[in-house]
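Model the placement of chain B on the given structure of chain A, informed by the hints.
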Amino acid sequence: MNPIAVALWNPIVAKEYRSRMRTWRSPVAMTVYILLLGGLGWAIFSSMTFAARNSFNGGQAANYGQGLFLYLVLFQMVLLAFITPALTAGAISSERERQTIDLLFVTKLPSFSILWGKLLASMSFVLLLLLLSVPIFSLVFLFGGIELDQLAAAFLVTAVSALTLGIIGIACSTAFRRTLPATVSAYGAAFILLAGSLLFGLLFPTDIDPNATAAPAPPAVTYLSPLIPLITIGTNGPINNYGVRNGNNNVYPSGGGGMACSTTPAGVQSCYPIGPNGASGKVIAGPSSNLVQARGTTIPSGLFSGWQYWQATVTMQLVLSLIALIVGAVLLSPIRHLPWRRRAAAKATT
Amino acid sequence: MIAVEQLTKIYGRRTALDAVSFEVPRGEIFGFVGPNGAGKTTTLRILAALMEPTAGRAFVDGADVTMQPDRVHERLGYMPDFFGVYDQLTSAEYLDFYAACYRQPKARRKKITDDLLELVGLSDRRDQAVDTLSRGLKQRLCLARALVHDPAVLLLDEPASGLDPRARVEMREILKELQKMGKTIVISSHILPELTELCTMVGIIDQGRMRATGPVQDVIRQLTSGRRLRISVLGQREEAVAVLKPLPMIHSLSAQNGAIEAEYEGDDATAAAILQTLTAAGIRVSGFSQLEGGLEDAFMRATEDTP
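Respectively, the protein sequence lines represent chains A and B.
Quick note, this note's numbering runs 12 ahead of the 1-based positions in the first sequence.
Quick note, this note's numbering runs 160 ahead of the 1-based positions in the second sequence.
Just chain A, same shape as in the assembly (with noise of 0.2 Å):
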């Protein structure tokens, strides 16, 4: 068998696919999630119409897809952070109790293999929960307003965040012996990557520097959370109001929110931060054209800066997947290879 062969060659997939499919919770599963996310687009599309229907400038069918587009895949976000914890926090545990983890131990299956085919199964249903959604993404196109690289990132970012939800449920498996305990920290850990760090945003936000050229961005760890890079992608526009203190950075050439600008007859406009911790009366001068603004889904400052708001969350996540991918592996071992260890061991040996 070549190298590739081996790392790919992984029966649990096929064991775990198998059992899965052959119960009724799978394509209860399925109908339940498409029922939800069709419902939503079917309520969001009818408020939006009676909306439309009575105001005086009526509705144009871009803003409807748009709209649809954002509420949808937010939505689609929220689901699959239920549903992927459930799926991945009981792989590891739930052998433990049925006793059945040793004898997987015992074949030639590596403990990363066993990892790895447990994630790649509940994934893959995963994956095939995002492929069932999207006939009814492609309503969204009937109306215009998203553009397809749009709904690929918007997937991308729906998919990776599903992927670290999977990581890190799988991971919590690991490090618990009981499922109860396992999902609810995966649950907790799911909590904290899409809400909390985004209450981190509002707790610590960024601190306006008066010299910066560049409009201010949140903190990067708010990144990790999809729903930003979503609002992004949605609204092909930056977040205003969140994650800057005192203000909202595209307010910031006119004057409003933390910072208090004036205008020279000469057209210099100065302006300086205030409130709790602007007020340093530093002052920013220059041509108004000169200051840039938090435009389209570029991250405008910051650790990320130049980067789309997706790509940050995308790498963020990845890299997070990967230590807990490692944390996993090195968990679930029952005889732990740590270099130091093999040392000892050979030291004790000689």
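Treat the hints with care, since some could be wrong.
Unchecked claim - Capping the alpha-carbon separation at 30 Å, the derived lysine-lysine pairs in DSBU-like fashion look like this:
#1 271/B <-> 120/A
#2 340/B <-> 298/B
#3 298/B <-> 266/B
#4 298/B <-> 270/B
#5 266/B <-> 340/B
#6 270/B <-> 336/B
#7 120/A <-> 298/B
#8 298/B <-> 336/B
#9 266/B <-> 120/A
#10 340/B <-> 270/B
#11 270/B <-> 120/A
#12 336/B <-> 271/B
#13 120/A <-> 336/B
#14 120/A <-> 340/B
#15 340/B <-> 271/B
#16 298/B <-> 271/B
Said to hold, decoys possible - Quick list of simulated restraints, FRET-style, between CB atoms:
#17 190/A <-> 173/B: 22 to 28 Å
#18 139/A <-> 324/B: 43 to 49 Å
#19 248/B <-> 215/A: 45 to 51 Å
#20 43/A <-> 286/B: 30 to 36 Å
#21 249/A <-> 265/B: 53 to 59 Å
#22 286/B <-> 39/A: 24 to 30 Å
#23 286/B <-> 207/A: 48 to 54 Å
#24 271/B <-> 144/A: 36 to 42 Å
#25 288/B <-> 63/A: 56 to 62 Å
#26 214/B <-> 318/A: 51 to 57 Å
#27 192/A <-> 174/B: 23 to 29 Å
Everything labelled a hint here was simulated from the structure, so no lab data went into it.
Fair warning: this is a prediction, and the values are worked out from it, not measured in the lab.
Just so you know, even glycine gets a beta-carbon here, dropped at the ideal spot from N, CA and C.
Using the frame of chain A, we list chain B on its own:
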């Protein structure tokens, strides 16, 4: 084939294994005997590379269980005392899955599955869901699972526990068949008479310490010092005891079901001399037989004087 050297396992303050050593040569059936909590399962789990010892070493076919677990897994089949099965899989699929986990080529897996189901007498249950099998049938299926990669060594932890008498007999027959196939088998069990019949070697463990190990008859001889006689007399038991007690070759006397059991030091000629003394004293002896010391007796003696 199996070598255990000064194996020690300490859980917190409790010493589960205390410098246990034994060897099992190729092709032997080693009976691992001990009361509950003696350290049998811990030893077997360490041998299966499922647990690290605190100290000491263990080898399976030359492979160190701590340093080369992959090589150990290639060489041994392990059947734990408690195990579960997967839902939604048939017996054939269950074996096929484990054969795949042992990297058996797909083309060979069907034959392996069919052969093993036949060996354990489950050919007619190949399409039955494993979770619907009875405990005895699950035990047999688990034994078949341990054989999917044709290992040279089998570690069987209480394979007959919880089985009814018929299932036990069937399990014993399968193990005899494996013995004929030349497998080295380590089997832990509480059913001592069966072990005496099946095993070529035995190890008695108690409170984490190996009390005795070696060929079955050697261990029995070593632990049951002296030979025993069962003497039945016609209504003269007290007189018979009075005659036997002063004899120098008699170690102890006890009453068992109306007969006298006498433990003595010596050979068949000594036994003949004892009978002659009794009859010469006018005791009417109606029964006189030598008792074979069994594994059960050896086990009781090995474990009775432990602190």
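Do the hints match the structure? See the list:
| no. | hint | result |
| --- | --- | --- |
| 1 | 271/B <-> 120/A | 20 Å, holds |
| 2 | 340/B <-> 298/B | 23 Å, holds |
| 3 | 298/B <-> 266/B | 24 Å, holds |
| 4 | 298/B <-> 270/B | 20 Å, holds |
| 5 | 266/B <-> 340/B | 28 Å, holds |
| 6 | 270/B <-> 336/B | 25 Å, holds |
| 7 | 120/A <-> 298/B | 22 Å, holds |
| 8 | 298/B <-> 336/B | 19 Å, holds |
| 9 | 266/B <-> 120/A | 15 Å, holds |
| 10 | 340/B <-> 270/B | 24 Å, holds |
| 11 | 270/B <-> 120/A | 19 Å, holds |
| 12 | 336/B <-> 271/B | 22 Å, holds |
| 13 | 120/A <-> 336/B | 27 Å, holds |
| 14 | 120/A <-> 340/B | 26 Å, holds |
| 15 | 340/B <-> 271/B | 21 Å, holds |
| 16 | 298/B <-> 271/B | 20 Å, holds |
| 17 | 190/A <-> 173/B: 22 to 28 Å | 25 Å, holds |
| 18 | 139/A <-> 324/B: 43 to 49 Å | 47 Å, holds |
| 19 | 248/B <-> 215/A: 45 to 51 Å | 47 Å, holds |
| 20 | 43/A <-> 286/B: 30 to 36 Å | 33 Å, holds |
| 21 | 249/A <-> 265/B: 53 to 59 Å | 57 Å, holds |
| 22 | 286/B <-> 39/A: 24 to 30 Å | 27 Å, holds |
| 23 | 286/B <-> 207/A: 48 to 54 Å | 51 Å, holds |
| 24 | 271/B <-> 144/A: 36 to 42 Å | 39 Å, holds |
| 25 | 288/B <-> 63/A: 56 to 62 Å | 60 Å, holds |
| 26 | 214/B <-> 318/A: 51 to 57 Å | 55 Å, holds |
| 27 | 192/A <-> 174/B: 23 to 29 Å | 27 Å, holds |
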